[in-house]
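Following the hints, position chain Y against chain A.
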Amino acid sequence: MRVTDRMMFERAVREGGLSRGRLDEATQRAASGVRVAHPKDDPGAAGMISMEQARAERLDAIATTAGRASDELQAADGALSEVANAIARARELAVQLSSSTYSAAERVSGAKEVQGLIQSVVASLNVKVGGRYVLAGTSDGAAPFTGLTLDAFGNVDPATGAYAGDGNVRQVEIAPGLLQDASVRADVAVKGAGGGVDVLATLIALANALQANDPALAGSTLGDLARGTEQVATARGTGGAAMAGLDGAVAANQAARDDAKGRVSSLADADAIQAATDLALAARALDAALTATARSFQLTLLDKL
Amino acid sequence: MTDLLRILTSGAASLAAQTAATATASHNLENAATPGYARQRVALEATLPAERVGNAYIGRGAILGTVTQARDRFLEAQLPAAYGQAARSSAGAETLEAVHALDPETPGGLGDALSGFYSALRQLSQNGSDPGLRQAAVGAARSLALAFNRTRQGLEDARTGVDAKVAGSVSEVNELARSVASLNRDIRAARAGGSGEPNDLLDARQKAVDRLAELTGASPVPTSEGDVSLFLPGGAALVTSMTASSLAAAADPANGGHLALQLSVGGAAVSAAPGGQLGGLLDARDGALREAVNGIDQLAYDLAGAVNAAHGAGVDLDGNPGLALFDPVGAAGGAAARIAVNGSISANARLLAAASAGGGAGDARNALALIATETQALSGGLDATGALAQVTSAFGASASRLAAAAEMDAALRGNLESMRESYSGVSIDEELIEMQKAQRAYQAITKVIQTSSEMFDTLLQLK
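Those protein sequence lines, which keep their order, are chains A and Y.
The working numbering applies: residue 1 is where the first sequence begins, and numbers increase by one.
The working numbering applies: residue 1 is where the second sequence begins, and numbers increase by one.
Pulled out of the complex, with its shape left as it was, chain Y reads as follows:
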């Protein structure tokens, strides 16, 4: 009698174990498309201790042992760095690729305007007193100034666009950092409860850590308490166990008012140099884009200086000394934004100093001197066209290098993700088989219960 009751009891426990196996397969299937989800596996165990009957041990069925996650720690340790690096190069490449101010074949671009200015001066050199040619030369100078303004504005707009992206990402970073700190607390509490590993909380934390690595390049460091702390490149702590620091973006006057990032740790603000997407954006903004802006500014400054010097050495159509053709641009910084044709000359092309002192109205010797500035070595040792080509090539080289790096980093990240997915991901086929397996076992156990019940009935009918 006691044995029959034990069979019924162990059958019920075994049914519960198979139900847990089915529930786990179901959970896996429901999360088959969830990013960062690691499949869970049920480990069924024989119930211990077995019952001793006479000289033999009779088993007492199966129970649910553990539910574990399929995680490869080696792969997962590599992924945050891969996420951060891929996001960094990708953000930089996309930022530079979106800039078209230096496209070589853009009609009306700076190269066109530069050539147009000197072509107009050449036309003028052939007939210095022609009012139409004088007007055309002044118009070409205005076009050149506007091309400088537009090109610089295009580059500066890209830098400002980066600021907007940075500001938008900062709030996401702070939210995720708080989330990791909070999950550290929850995971610690769940483990303290002794109910095994809180797999879904671990998944959620891993997902937040991955995203933070992608955004900031933060490296996760597991602690002995089972927490995960996060450190930005350079060592500043973004998350320390259950405490999250706060990232803030503030205008940096030393960088033209563009945003700089600071990390608030316990009320003190320290300069932050993130990696990941934020790092890539800042790299592009303060690297290739700033270099291009500086190059264009320097070119505008040098060219305006050279042209003004030559223009000032000549005389206008009325024999008066030449004014500065371009308004004073001040310092080199921002020169391309400020460069403009002298308003007086713009309004009156007679003031264009095409002649040399002592020449007649049709003298164009100073126009030839102005033309000579085209091949004059500027501050960098190159002439104007060479300097522009250098800026264009340097920008293109940065964009090309980042595009290649982005492709390579994306491939590396994709490879690691595939390997992690291969190990941790959910296979629908596998889970269906697991469900079938649990279902079959469940059916068999119910058969056992039914048989035991019939045996009970038989026993109870004895008279």
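Just chain A, same shape as in the assembly:
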């Protein structure tokens, strides 16, 4: 093939430019660690990257939300635990003070203790997490249970423990598109909505019976207190199961999120060893191109004549 000087110069420009372009690309890839910077770099991967990124963020948000819901259930369980303890103590007092061997003064003293239990239970049930009353259903902006008030005779006002929340159950997403209950219905667990026992009303009845020195009436509360114990235990069991579900969801979503992030990384990130190898190769190729070009330029008849 006949080779002209212009061919040599044009080849030098073209090959040098190509080699420099490849070196720049390899440098960029090695420096940034990014394999797919532009959709054209790998069209299929580019689309999948945005989908996997969205998936990772979705799973992360679900895990975070489920984790917070679990924390709230934990707080609700703590409150119900207080209720269970209060019922247990109230049962002891009811058994003890319904006996005829105790005096009126001792029963009044017992009434004071039950009043204290009621106050403690109400305070526990009005537990707040993140500025929200977690046992109020979805009407969570105000305390769901009315505080303890006494009348002029030292009796507990029947309005004490009234429930101002609602019967709605909150739900959270535990997997994309899958919802789970994430709150305890205090109106069911404590107030007996749907045919159960109103635990607070029973405690009030016990307190007022003791205040009135009526051992028989005090003794009559034992049955409801026993059912209340079971009712609260059932609610705690339901809440515990939900909590376990949420905790499992947190772990599962975090694992899935990490998997999605791994997929994003494998799709989008450059392999460090490959990037370094490519960079060295591109640098070597450019060096060779420049050397060959310089050598070809040196050979001309102009220097010989």
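Hint data in this document are derived by calculation from the structure and do not stem from the laboratory.
Honestly, I wouldn't trust all of these hints.
[What the hints assert, rightly or not] Ranges of calculated distance between the beta carbons of each label pair, as one might list FRET restraints:
no., chain 1, residue 1, chain 2, residue 2, range
1, A, K128, Y, P107, 33 to 39 Å
2, A, L299, Y, Q450, 34 to 40 Å
3, A, L299, Y, A404, 34 to 40 Å
4, Y, R178, A, D287, 46 to 52 Å
5, A, D287, Y, P107, 32 to 38 Å
6, Y, M408, A, D287, 31 to 37 Å
7, A, V108, Y, A357, 48 to 54 Å
8, Y, E407, A, R284, 17 to 23 Å
9, Y, Q436, A, D271, 36 to 42 Å
10, Y, Q450, A, D287, 56 to 62 Å
11, Y, M408, A, L179, 49 to 55 Å
12, Y, R178, A, Q298, 40 to 46 Å
13, Y, A357, A, D71, 25 to 31 Å
Everything numeric in this text was worked out from a predicted model, so none of it was measured.
Think of the CB as a built atom: it goes at the ideal place given N, C-alpha and C, for glycine as much as any other residue.
Below, chain Y alone, put in the same frame as chain A:
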């Protein structure tokens, strides 16, 4: 005596022929770096007729015969198409490569904003009455709307940038077309003068034809009169012998005001579909870029509709029915540019309808319904993330295909150019040798003249 005078006369003519050979080599050397230049070759010929002396013929030296160009018509016929195709794919690839609105890992991009919006709704679903979470959700909706606006603007800016390039190229095309028509006239006149081939005019015309092929994909067609006519893809004549048509760019209302090309032929305007660089630019503008814009518009339209429907089914913090979260976007076309969060909700996050009717203040069931729109199938059968991925992949596939085509077309063009250069280009070594050859001949002829002169002197000294 007569023979000696003939030697002197033919020596002078031969000197002129060697001078022409040197001048041609010099011309070649001076144009060694001129694009499109085809080397010229001097053909020396023995002077005819030879002189008959007795029974023999004695030659009368050398004269300049022709100066021809080294041109391979087969290669040159392939080059305009190669120029046009390479310029077309290269212009398209470069245009798409410069667009970064759909880069998959751009922080703050549409994908990020979409995920951020639904993450904020998920946070809200856990505590529907929290003012901070409500504000964050409204903020994320605003970010999503802005991301749609920015992404579409980025794509639309690229389309507008193409218009600017097209407008700039049109004047060059018209100038070159006029130049080809004018050169056709000049070449015809030069040939009519009978002074041989006007090589440099042919070079100039070839250069203009090549550039026009690169810009418009125009195919050259030689005529029987020795002219070159140029036809755009589709058959519209850009140059017919000595008449040049005029290309004009005008806003096309049917294409969002982007420029459309028209060819004025004899006062009548016809729609032009050029190839070459202009074709590549228009391909990118009205192909991958427009498809991406349409895809983003459709996504914005569908998503706003789905979110607004879900939002309208809920109630705000005060129990009032939910307003549209996004202002009405109208038709799908341009939806991504118009999408914006309802000003009332933007100013007052209490209006965010996170609750369902009948729920309390902390009810977030409607937030869950809003979250469900993330995986809701939109008009194209895919959910929002899938639709965005489809737009990104389709754009990337177009850009990748064009980049590969550009590389292949550039290699083909480079190969043809190398072959043409190999045949027609100037080799400095060769030209130096030609000059040496002519110089040696010149020296030898002057020796002949000197010898003849001495012979004359000898003859004149006879007594």
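So, going through the hints one by one against the coordinates:
1. At roughly 36 Å, the beta carbons of K128/A and P107/Y sit within the given window of 33 to 39 Å.
2. Between L299/A and Q450/Y the CB atoms are about 38 Å apart, so this pair conforms to the stated range of 34 to 40 Å.
3. For the pair L299/A and A404/Y, the beta carbons lie near 36 Å from each other, so the given range of 34 to 40 Å is met.
4. In this structure, R178/Y and D287/A meet the distance hint of 46 to 52 Å, their C-beta atoms being roughly 47 Å apart.
5. Checking the proposed 32 to 38 Å range against D287/A and P107/Y shows it holds: the Cβ atoms sit about 36 Å from each other.
6. Restraint check, M408/Y to D287/A: a C-beta distance of roughly 27 Å breaks the suggested window 31 to 37 Å.
7. Here the CB-CB span from V108/A to A357/Y is close to 50 Å, well matched to the stated 48 to 54 Å.
8. As the Cβ distance of E407/Y to R284/A is approximately 21 Å, the hint placing it in 17 to 23 Å holds.
9. Look at Q436/Y against D271/A: about 58 Å separates their beta carbons, and that is not inside 36 to 42 Å.
10. At about 58 Å, the CB distance of Q450/Y to D287/A agrees with the hint of 56 to 62 Å.
11. The hint said 49 to 55 Å for the Cβ distance between M408/Y and L179/A, and at roughly 53 Å that hint holds.
12. Evaluation of the 40 to 46 Å hint for R178/Y and Q298/A yields a pass: the beta carbon distance comes to about 44 Å.
13. A C-beta distance of roughly 29 Å is found between A357/Y and D71/A, which places it inside the suggested range of 25 to 31 Å.
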